[in-house]
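Enquirer: As a plain string of letters, each chain reads:
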Amino acid sequence: MTLLRDLAGLVPGIALPWIAGTLFVVALDRRADGPRWLHGAGYGYVLGAFAATALMRALSAVGVHWNVPVLALPTLALAALLAWSTRRSLQPGSVRARCSSAVRGIATLPAWPRGVFLACLALVAIRIAGLALEVAWRPLLAWDSWTQWATKARVWFEFRWMAPFVSQQEWLASGDPMRFVDMHSYYPATVPLLQTWTGIFLGRWDESLMNAPWVVVVVALGIAFYAQLRRAGESAPRAMLGTYLLLSLPLLDIHVALAGTADIFIAVTYGLAAISLWHWARTRDRSDLALAVAMALIAMTIKVEGLLWALTLVPPAIVAVNRRLGLALVAALVAAALLFLALGPEELPLFGYVLRTRFTNVTLPLAQHLFVMDNWHLLWYAAAALIVLRYRRALAPDVLPMTVTMLAACGLVLVVFYFSSAAGGVDDESLVNRMLLQVVPALAFYVALLLRPIDAARRSSQLQANAADA
Amino acid sequence: MSPASAVARPPLWWLTAASFLVAAYAVVLVVLVALHAGGNWIGGPASITVPAAGFELVRGKGHRTGGTFVVEALDPAGTAILSARVAPFAADQYPRVDWKLAPPGPTRPTLALLWRTRERPDRTFVKPLQWQETRVAPLELAESDGWSGTVIGVALAVRGELAQPLVLEAVVIPEISAASAAAGVGRQWTARHPFKLTSITFPFDDERYEDLSLLTATALAVGLGLAGYVMLARRRRWPLDARVLWAVFLGGWLVLDARWQINLWRQHRETAQQFAGKTTEEKHLAAVDHEMFTLMRELRDALPPAPVRILFLSDNLPLRERAAFFLYPHNVNAFYLSQFRRTLDLDPDHLHAGDHVLLFLFSGTTYDRSAKMLVWPDGRRRAVDEVLWKADGVALLRVT
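From first to last, the protein sequence lines stand for chains R and A. Here the first sequence stands for residues -3 to 466, where the numbers follow our numbering. Here the second sequence stands for residues 3 to 402, where the numbers follow our numbering.
For reference, chain A alone in the conformation it holds in the complex:
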């Protein structure tokens, strides 16, 4: 073999592919970390944490309890504001703010971060916060948002509807450095995505708030790896080896799929612990909504054998739909009221004798227990028999 042909021979295809893919991932990761390191390669200024105890309620109603601040209600203008003074800090050293808040049930108010700076004490800056499935997404701030100069105070604004109390634990303004950025990326890429009600529609919702999702990073790495290989092969006059192209692409795919498989295994283990070896009834008793299942079972036990017609009325649509399922195979109608209609515009005479009406936290029609009457807001009435009544807003009634 001549020396010239020895130089032109490409290295092992799998080694070439692995090298290009690893190098491309490294490039993507380094650029990503550099963009989020705030210029601090070794270490940055220490994190700032303001615990719930450091907050004052400026508007709305609430109280401190344990290590948290509970916002119970908004003021008449529909707003609550929790404010805290902080030790002054340079905004450009802390481009991220992370609120530790527990979501107040399915109806979520609009949230915003407010802040003041020493340089502009007369102005309050605002940036909206985004709810994720179980928390508030960390907020990235830039000079264009007004996040500049020296920050002297931060606040949380709550607007809209607050159906259940909002619980604040703390606000963390984290240290930013290459190490913390890399650790953050690592945490994001290995975060669990457990199965939930909305998983069939958007299972990876949290990924949109990540610095760079693993999918996008992988696509960039695969693209870079393929481009790098093609350029080098042309430069060295190697014949393009389809196996290298395939291996780079499949390597990226396998990285994503390995993470997904691990996520699935973690989910299988959790599902097994919660449900394996149980009957359907026992599974419902082990589920997160077991209290609702137990209540519906109690109602079912009070009914004659199926099918019994039940008009299920509740202000809360998701609760009504979920609870209704536990009543089948009875003939349950939980879908009469739409999400936005909370009054029963059905004429009392249109209820059939023998029909059942289930009032479950419903404000549109009330039950007059002493008169055994279903009472409409405009005073219309219909006689009923009480099948089951509970003081906490549940009444199962039979129309007579």
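For reference, chain R alone in the conformation it holds in the complex:
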């Protein structure tokens, strides 16, 4: 009975934004040969979830207190509007035909590839099922989850609006019981709003089930990653294998199981933004550019680092438009960084960090986390080996924008780790894996690109064949 009651709250709380987001992506994707449903579903949840938090902000700003009808009806109306605008794609015959085509594609594969596809799908399903149970059972455990994220969710759930979280000075001066404070009062509201949204649909404060978005966002990541690999020309078994390899990474799994912190949302939004940007560089499809921009903007509303990650997408975007100009910009940025190190002030506050010209050597903990402890299975070994062995592929015109994205991301990590106030967080190891997690989905996609053979003819025909399945 309790399970049914919980499901009755959880399912609409998750499904409504997911459906609205999916329909939005489908509406955006005006292709002659029909929409890409998996692609839409993967990106759709992230967009829909963010739209849900935007709705909560808007209602709170105009003084409307949240409840299920107030949140559900506008979302439902949006979904209905989008369904109407995409009605041709939603015709039962069209959807059925695409589904049966995708299933037929798998069923007609030779035995080995089909086995690989099904085995990887099963492994992913087993992993996500276990993580979902862990989330459903466990109260908040991770430190940050109850010092700066769920604190806000708890207050907003209780009072049904975004009561402000203020600085220490303001709290002490004001005396207003509705001005709250926590470890990081200024942290963005998106993540606690997702918890609050789920709690409101659930009808009670439940420290475990309110974290359902952490499970759903990793499912969405898996779907989007698979769909984007298919669009990039990978066969279904290879795309599913890539998805399994990504979702099997222990640190990514832990950030789902110990739900409540924001890093996984940055990882998903930044990863999907980088992948869409790469597709746009290749296809010039405006919907890809729109999704890349949307994901980057959402990343900026999740955590301070989101802005930094979003900035790493600027050089590849310029490279995609004008390779010479883009590469000149990259060179200029590297030169500026070197100049800063040589002549800059000892400390320079920037985007919530303090840049330093002094080098802090954090190589040992970094190497231990990448190559000794099983945080990432063999990912970093494989990435390092492939970048060395396939450097020509990395510089090929079709991969270059993603190479520049990874260079910019790598530059950001190096600056933050070795030349910023965050070096202490690397040295005491509280930051190292969490920041790396944020780049891992994009890196995994890049590794998949490096593995592809340089065979334009094969790729071109494969791309066309795969686009429909994605």
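Rather than coming from a laboratory, the hints here were simulated on the basis of the structure. We treat Cβ as the ideally placed atom computed from N, Cα and C, and that holds for glycine. There may be inaccurate statements among the hints.
One side only, chain R facing chain A, incomplete, derived with CB under 10 Å [what the hints assert, rightly or not]:
1. I122
2. V151
3. M174
4. D178
5. D202
6. N429
Keeping the supplied structure of chain R fixed, place chain A upon it in accordance with the hints.
Expert: Just chain A now, with coordinates in the frame of chain R:
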């Protein structure tokens, strides 16, 4: 088919991949065991165990209780030393020392192994010990550390801050042989990594102290397997089969992921036993910090309906942050004091009437119960009403 082409045909790809990967793992394991066997392939000298009863307290304050030695406090110089005589043994036969110690809460003192040898009786050798999550990492010793000759005594040095007592059970100087090295590697590679507060940042902390982590061993095995296959294929003039390369890599990945999946299943089972089917409140009552939750619930029950402003003061930052979460949705401020600031430099007049102050094991400001006053160290005072008071250092007060 001609005999020549029959010779050139490569074996089944999956069999080739499996053979290379298994052989590569075997090579890595044999080398690893050989490096940690101390030259004893069959068996080595027996383990030496010194129980807590064999130790004497040279400096600091402590006592024996049951089978343990409890170090309660350091001496005025900030040091405690526990010393034991051992039956003399050859250092080169025992390259590892394993201290069985219970960690004294979140604040951990610096530890070091001290030892003396028959050959250099005038000198005390020292090597620092490393804390792991729930224990002290086994110490590997080499001749370059001074671990040579005949060891006649060992000691444990404790320095720094000892917020809670340190409990010593024993020191074990284990037998080293190929069998014990292999068993040790097996234990390390199958050790559980349970979820804990720090899991989102470093979930596999213990692996850095292993002889060779399974990840590094797998990377070596995959590298060896791939290199071996490529060399053999070139030698035999087989065409390189991408499926073999993929299978060797994925085989290594699956070994790692199988271990991780088993770890996750064990964790799910434990989590289910502890929390499944419970409400949020019941889950907190079943958690390790249930005593703190119960205390905070008692305080919450003594308060008027939320939101009430509460200034939460405690010397202990982690305790303050964790306990504060249980008080939301009240307007709780547990973040006024930093980790290193333990005095309340807030002027008494800046407290608002109706605000609550929670003193929780706090030394910076005291509560004068008879005068109903909050008293600053410099004598400044502010009148308060007592909402709840407990003899063990907890006072919830309302500013008037």
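Enquirer: Among the hints numbered above, which are violated by the structure, and what are their numbers in rising order?
Expert: Nothing - there is no hint that the structure violates, so all of them hold.
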